[in-house]
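A.B. asks: Using the sequences and the hints, build the whole thing.
Line by line, the protein sequences are chains A and B. Position in the first sequence (first residue = 1) + 113 = our numbering. Position in the second sequence (first residue = 1) + 113 = our numbering.
If you're looking for bench data, these hints aren't it; they were derived computationally from the structure. Errors might be hidden in some of the hints.
Pairs count within a copy or across copies, as identical chains cannot be separated in the list.
Straight line, CA to CA, 30 Å or less: simulated DSSO-like cross-link-like pairs of lysine-lysine [stated by the list, open to error]:
#1 LYS372 to LYS243
#2 LYS366 to LYS243
#3 LYS372 to LYS217
#4 LYS358 to LYS217
#5 LYS366 to LYS179
#6 LYS372 to LYS179
#7 LYS287 to LYS243
#8 LYS179 to LYS287
#9 LYS358 to LYS179
#10 LYS179 to LYS217
#11 LYS287 to LYS358
#12 LYS217 to LYS243
#13 LYS358 to LYS372
#14 LYS287 to LYS366
Nothing here was measured: the structure is a model prediction, and the numbers come from that model.
Residue-level listing of the chains:
Protein chains: 2
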Amino acid sequence: MQQAIAVLDSGVGGLTVVKEVMRQLPHEKVIYFGDTARSPYGPRAASEVRHFTRQIVDYLLQFNPKMIVIACNTATAVAIEDIRARVSIPVVGVISPGARAAIKSTRSGMIGVIGTDGTIRSQAYETALKMISPDIRVYSEACPLLAPFVERGLFSSESAYDVVEQSLSPLRGKPIDCLILGCTHYPFLTESISQVMGPEVALISSAEETARDISTILQQRGLLSNSSEMPVHQFFCSGEPVVFKQIALSWLKDQIALKPVVWQIPSII
Amino acid sequence: MQQAIAVLDSGVGGLTVVKEVMRQLPHEKVIYFGDTARSPYGPRAASEVRHFTRQIVDYLLQFNPKMIVIACNTATAVAIEDIRARVSIPVVGVISPGARAAIKSTRSGMIGVIGTDGTIRSQAYETALKMISPDIRVYSEACPLLAPFVERGLFSSESAYDVVEQSLSPLRGKPIDCLILGCTHYPFLTESISQVMGPEVALISSAEETARDISTILQQRGLLSNSSEMPVHQFFCSGEPVVFKQIALSWLKDQIALKPVVWQIPSII
Chain A
114 MQQAIAVLDS
124 GVGGLTVVKE
134 VMRQLPHEKV
144 IYFGDTARSP
154 YGPRAASEVR
164 HFTRQIVDYL
174 LQFNPKMIVI
184 ACNTATAVAI
194 EDIRARVSIP
204 VVGVISPGAR
214 AAIKSTRSGM
224 IGVIGTDGTI
234 RSQAYETALK
244 MISPDIRVYS
254 EACPLLAPFV
264 ERGLFSSESA
274 YDVVEQSLSP
284 LRGKPIDCLI
294 LGCTHYPFLT
304 ESISQVMGPE
314 VALISSAEET
324 ARDISTILQQ
334 RGLLSNSSEM
344 PVHQFFCSGE
354 PVVFKQIALS
364 WLKDQIALKP
374 VVWQIPSII
Chain B
114 MQQAIAVLDS
124 GVGGLTVVKE
134 VMRQLPHEKV
144 IYFGDTARSP
154 YGPRAASEVR
164 HFTRQIVDYL
174 LQFNPKMIVI
184 ACNTATAVAI
194 EDIRARVSIP
204 VVGVISPGAR
214 AAIKSTRSGM
224 IGVIGTDGTI
234 RSQAYETALK
244 MISPDIRVYS
254 EACPLLAPFV
264 ERGLFSSESA
274 YDVVEQSLSP
284 LRGKPIDCLI
294 LGCTHYPFLT
304 ESISQVMGPE
314 VALISSAEET
324 ARDISTILQQ
334 RGLLSNSSEM
344 PVHQFFCSGE
354 PVVFKQIALS
364 WLKDQIALKP
374 VVWQIPSII
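C.D. replies: Structure, rendered in structure tokens:
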């Protein structure tokens with residue numbers, strides 16, 4: 114029985130990480146949990162997010178995964194150390210990979226970060242960036258409207274550009290040469306974000322970078338799948354499944370089209 | 114006493130990895146060994162390269178490093194498993210990071226690889242790429258002239274473009290969308306390679322990507338330096354030091370200018 118990579122998020126945002134995991138590691142099985150019933154996590158107290166994260170990890174452990182991926186920046190910021198202390202398998206968050214990629218990308222040493230209220234308030238990116246490279250200058254901006262917007266499936270709508278433009282306006286004119294999309298929901302809005310920030314600002318997707326780190330860590334630990342069978346992925350969401358499934362199918366269409374996939378709504382909350 | 118990252122190469126090529134380590138991880142101390150007396154490794158038998166690599170690692174272990182980086186594709190291809198079996202600290206090569214980055218970068222699934230005779234003959238990139246993503250199509254080309262050219266310090270000369278153009282001509286017209294610079298000497302020639310391949314082909318530097326992986330692995334293992342003092346790097350070369358030092362100083366000028374650096378020629382061979 115192939116051991117899976119277990120991925121969790123407050124809702125659909127972690128699907129951006131899943132898409133990259135499926136693309137970069139096509140033989141790995143993924144079990145996904147989107148806590149759509151309690152999304153968004155951004156405005157919640159840290160203690161509450163920690164409690165939710167712990168609850169979902171406990172649920173996912175029944176499947177005997179080989180790795181836990183906290184594919185939510187808010188949960189990574191406040192809960193990753195707690196989860197690392199509770200489980201014996203590798204736990205990967207989405208903050209360090211994005212920080213590392215931004216440091217690799219920047220030439221000016223000035224980096225922008227956007228995220229939810231919870232993520233920006235925690236200063237988790239500043240901490241991660243300065244731990245690696247103390248002289249980096251960081252410009253942060255909370256964008257509380259963006260994740261809920263994506264969660265409703267509105268990321269391709271005409272109003273997407275307006276909401277993005279308004280949310281990013283404090284960062285325009287700042288001397289940054291790269292911008293960390295510090296919320297896994299934001300890659301859904303890449304096109305608008307890129308238009309607003311212009312071609313001089315490289316966008317760092319914590320989703321792509323986290324998948325890259327997952328690959329590094331699995332390989333270093335000898336945990337890469339050597340199964341030649343195509344994996345059957347499993348998706349769980351805690352809330353109303355119609356919109357969740359619709360977003361997942363449209364976002365992951367190249368990865369899961371025509372493949373067997375299991376959808377479930379567990380009652381853990 | 115701060116534990117160093119020990120980096121070895123057949124000559125000056127590994128300095129491209131060192132530059133990126135110093136840029137991406139400015140607080141880490143580096144000890145470098147360039148085996149300039151026996152460079153190039155590319156045309157040598159695998160058993161000989163394994164013997165040289167083992168000899169250098171034994172020499173570097175006296176400094177009690179926290180990690181060994183085999184910053185030479187030829188040596189990684191034939192000796193990394195041997196070294197992993199001999200030491201208890203993490204050993205990082207330059208092939209998997211480049212393979213991972215190419216998989217992240219490609220959209221077409223068709224990847225080019227250039228390297229020394231030894232690296233291309235070993236099929237190490239094919240193996241690494243297909244282990245992660247079995248459907249990737251790989252176009253490989255040995256470029257035996259390039260590393261010796263760099264080793265002589267001629268990478269900025271006018272003839273650089275001609276040698277690069279001639280070496281890469283079998284790959285032009287191939288349907289690749291990214292090209293792995295599968296020899297740590299090649300980033301010295303990035304400009305010419307990029308001109309020859311054109312803007313549609315993304316160049317993957319195993320140097321940048323290896324530094325990124327070093328950061329991931331040090332952090333996962335809790336080995337990142339927390340020293341606030343600037344490290345004093347050490348450079349060793351086995352052969353004539355004048356050209357080596359000249360290339361190192363010019364390549365690393367932004368990283369080591371005005372900083373104390375130790376240069377030594379040990380007699381291990």
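A.B. asks: Hint by hint, say whether it matches the structure.
C.D. replies: Tested hints:
For the identical chains of this complex, LYS372 and LYS243 are inter-copy neighbours only, at 21 Å across copies versus 43 Å inside a copy, given an alpha-carbon limit of 30 Å. With identical chains, the CA atoms of LYS366 and LYS243 are at most 30 Å apart between copies only, with a shortest distance of 23 Å across copies and 38 Å within one. Only between protomers do LYS372 and LYS217 lie at most 30 Å apart by alpha-carbon distance; the minimum there is 22 Å, versus 36 Å within a single protomer. In the homo-oligomer, the alpha carbons of LYS358 and LYS217 lie at most 30 Å apart only across protomers (26 Å), although the nearest pairing inside one protomer, at 35 Å, exceeds that limit.
Proximity of LYS366 to LYS179 under the C-alpha cut-off of 30 Å is restricted to the intra-copy arrangement: shortest distance 25 Å within a copy versus 43 Å between copies. In this homomeric assembly, LYS372 and LYS179 come within 30 Å of each other (Cα to Cα) only inside a single copy, at 22 Å, whereas the closest approach across copies is 44 Å. Taking the closest pair of Cα atoms, LYS287 and LYS243 come within 30 Å of each other only inside a single copy of the chain (19 Å); across copies the shortest separation is 42 Å, beyond that limit. In this assembly of identical chains, the alpha carbons of LYS179 and LYS287 never lie at most 30 Å apart, being 41 Å within a copy and 38 Å across copies at closest.
Proximity of LYS358 and LYS179 under a CA criterion of 30 Å is satisfied intra-copy only: 25 Å inside one chain copy versus 46 Å between copies. When the C-alpha separation of LYS179 and LYS217 is checked against a cutoff of 30 Å, the pair qualifies both within a copy, at 28 Å, and between copies, at 22 Å. Proximity of LYS287 to LYS358 under the C-alpha cut-off of 30 Å is found in neither arrangement, the shortest distances being 38 Å within a copy and 39 Å between copies. Taking identical chains as interchangeable, the C-alpha atoms of LYS217 and LYS243 lie at most 30 Å apart whether they share a chain (13 Å) or sit on different chains (26 Å).
Taking the shortest alpha-carbon separations for LYS358 and LYS372, only the intra-copy value of 15 Å comes in at or below 30 Å, while the best inter-copy value is 57 Å. In the homo-oligomer, the alpha carbons of LYS287 and LYS366 lie at most 30 Å apart only across protomers (28 Å), although the nearest pairing inside one protomer, at 37 Å, exceeds that limit.
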